[in-house]
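Engineer: Kindly generate the complete structure, drawing on both the sequences and the hints.
From first to last, the protein sequence lines stand for chains R and W.
With this note's numbering applied, the first sequence covers 56 to 419.
With this note's numbering applied, the second sequence covers 56 to 419.
Just so you know, the hints here were simulated from the structure itself, not pulled from any lab data.
Quick caveat: nothing in here was measured; it's all calculated off a predicted structure.
One or more hints might be untrue.
If several chains are the same, the list does not tell them apart, and a pair holds so long as it fits within one copy or across any two.
Stated by the list, open to error - Derived SDA-like pairs: lysine to any residue, alpha-carbon spacing no greater than 20 angstroms straight-line:
1. Lys381 to Thr229
2. Lys381 to Pro406
3. Lys381 to Gly295
4. Lys381 to Glu410
5. Lys381 to Asp153
6. Lys381 to Asp180
7. Lys381 to Asp397
8. Lys381 to Gly178
9. Lys381 to Asp290
10. Lys381 to Asp405
11. Lys381 to Val147
Protein chains: 2
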Amino acid sequence: MKDEPRRVEVALGERRYLIVIGRGLLDDRELLRDCVSADEVMAVSNETVGPLYLERLESAFAARRFASACLPDGEHEKRLESMLPVFDTMLVNGLSRDCQVIALGGGVIGDLAGFVAATYQRGVDFVQVPTTLLAMVDSSVGGKTGVNHPRGKNMIGAFHQPRAVIADLAVLDTLPDRELRAGMAEVIKYALLGDRDFLDWLEAHIDAAMARDPAAMAFIIERCCRNKAAIVAADERESGERALLNLGHTFGHAIEGARGYGDWLHGEAIAAGMCMAARMSARLGWISAAQRDRAITLVERAGLPIRAPDDIGPARFREFMARDKKNRNGELRLVLLRNLGDATVTADYDPRALEATLEAVGHE
Amino acid sequence: MKDEPRRVEVALGERRYLIVIGRGLLDDRELLRDCVSADEVMAVSNETVGPLYLERLESAFAARRFASACLPDGEHEKRLESMLPVFDTMLVNGLSRDCQVIALGGGVIGDLAGFVAATYQRGVDFVQVPTTLLAMVDSSVGGKTGVNHPRGKNMIGAFHQPRAVIADLAVLDTLPDRELRAGMAEVIKYALLGDRDFLDWLEAHIDAAMARDPAAMAFIIERCCRNKAAIVAADERESGERALLNLGHTFGHAIEGARGYGDWLHGEAIAAGMCMAARMSARLGWISAAQRDRAITLVERAGLPIRAPDDIGPARFREFMARDKKNRNGELRLVLLRNLGDATVTADYDPRALEATLEAVGHE
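Structural biologist: See the structure below:
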């Protein structure tokens, strides 16, 4: 017997869409055909995931014009030049403005294929089929698409909402442990930034989750999608509240940039970044030392790094942080914790707390 | 004594903006500062135009954070890779999401800088300062931005409306004759596709226009901008009427593609393309031979090519035309003339008229 898929709506008026969550969705041709309505389909994947799942899409869309491209795996492929072979495949196959792009993969593929869809012939529809925990709970929802620039992460991109997100929990069975942990960093993020009840639940169930207990995973993914859907619906273009989703990301992006993209996984960098945000918040007196440690302990229990590499000095951190998209008029805006489950975006903090946190990198 | 600038509004609701047309606008610091409101300004130009006018922008915005980049001149620079050094300059100069991009140049710079603005940090504002006749009457108005792909023109891009368009007629004084003629192709296009009175006026004043009579140029630019503004306001995303602006472009883009971008100027290719559209419309019996010849004669009086190069065969034409963004479900949609001053977008035509027109390329 199969459970009915869960559905989460992202309420964006004309651009509203459904996130469908369940086991075996990639084998459900009817669902796939419902979600991807175009007569012309372009699937974008990578060399790890493509060989596993691309065939299912191909057979579901056998009656349509179907083309696909597989990029090499990894964050360093998320750049402008990697889009060219994808455009090339689309043009060689004569795909028109009425085609739809399917992003089959993790965050890198989702962001890149979404940006391809945003810019092919000035914009075509796309559907996200996330294959990592991180993509299911975060990057496939919300319409942020784009690529990295050598000088900063996600610096080139567009807001382009998907038509649907199809999260097949069965694909998580083969997800490498390191990727599972990296995804858990974003899961913990939702708890810390605004969902205290979920934080309590996570502390009680983190071991089950790390053991891939199906019920725990299903609960986690739906909960995170609901959290993200609510935030995105309230602030699609990140003029306010949506920036909270960047908890740990200003520090984390600096770690990724300083190490070179792909050395640390995004989720690993965000994990260490959240711990830095917790330490800085404690230095400011906004949370207690006990609360700080509670946050860090949860990150550690998920098998994630709680410290940035000690070879990134304060100057290097500041160099990357200065390019953060949240900054306004040269002020460094950070997402910090006023409480566990209550984050805020602010440039109004004692700069000595930031300085001390950067100085202590690797040592606390 | 200076004439007051003329102002044309593009009515796009929240994204409405003004086109300001007049002599000496680039010396009007107050106007420039009004139109470009951001504290951080990025000017994008080319190596021909930049040395002439960039300094005026720099001094107008001396009190702000100002950066600039000059690309090599020419259509073959309009590609994805050319955007990278522009992004690089913006990041090195620490420009935030609140910056504004100024496109100072012709159609290539306008399209490319507009696409840079559409995608830098997922979108920043931009202002068009067109320096060619073609850019003033066409490419700087309407929000189509993008770059070419080796397999097709404008295949990668976004809709991104400018905040303002500043058309300084004085810059046309130094515009090379060939560029002036190329711009006149788009001017004639507006007359043929939907403005019969303007067609009559053009036939009476084409010699004055080609001699750069200031009053004639001012009239032409305002008239074309009003025509384009009305069409864009009615159909921003080109779901219908806006495709009329593509008169001559399906044939013209094929000429550009087959010759390699930059050999023929865009306006030259469009001129020959409009003559092909007129000949095909006459073959269909939609216009008379006399009307066809009237259209072709006007193109010829503007010093523009009335024939495509005879080394592009029908197969090559079809290859490029098959990739046109207007096509739907494999049907080749063309902009054809039902009358002088009355164009239509349709796939409902006798294919033999197209075949005969392609067969006769270079010979009629």
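Engineer: Each hint should be assessed against the structure and marked as holding or not.
Structural biologist: Results of checking the hints against the structure:
With identical chains, the CA atoms of Lys381 and Thr229 are never at most 20 angstroms apart, being 36 angstroms at best within one copy and 43 angstroms at best between copies. For a Cα distance limit of 20 angstroms, the shortest separation of Lys381 from Pro406 inside one copy, 17 angstroms, qualifies, whereas the shortest one across copies, 55 angstroms, does not. Proximity of Lys381 and Gly295 under a CA criterion of 20 angstroms is satisfied intra-copy only: 10 angstroms inside one chain copy versus 38 angstroms between copies. Taking CA atoms no more than 20 angstroms apart as the test, Lys381 paired with Glu410 passes inside one copy only; the shortest distance there is 19 angstroms, against 56 angstroms between copies.
In this assembly of identical chains, Lys381 and Asp153 lie within 20 angstroms of each other by CA distance solely across copies; the values are 10 angstroms between and 34 angstroms within a copy. Proximity of Lys381 to Asp180 under the C-alpha cut-off of 20 angstroms is restricted to the inter-copy arrangement: shortest distance 16 angstroms between copies versus 27 angstroms within a copy. Taking the shortest alpha-carbon separations for Lys381 and Asp397, only the intra-copy value of 19 angstroms comes in at or below 20 angstroms, while the best inter-copy value is 49 angstroms. Proximity of Lys381 to Gly178 under the C-alpha cut-off of 20 angstroms is restricted to the inter-copy arrangement: shortest distance 13 angstroms between copies versus 26 angstroms within a copy.
In this homomeric assembly, Lys381 and Asp290 come within 20 angstroms of each other (Cα to Cα) only inside a single copy, at 14 angstroms, whereas the closest approach across copies is 34 angstroms. For the homomeric pair Lys381 and Asp405, the shortest alpha-carbon distance inside one copy (18 angstroms) is at most 20 angstroms, but the shortest distance between copies (56 angstroms) is not. Taking the shortest alpha-carbon separations for Lys381 and Val147, only the inter-copy value of 17 angstroms comes in at or below 20 angstroms, while the best intra-copy value is 39 angstroms.
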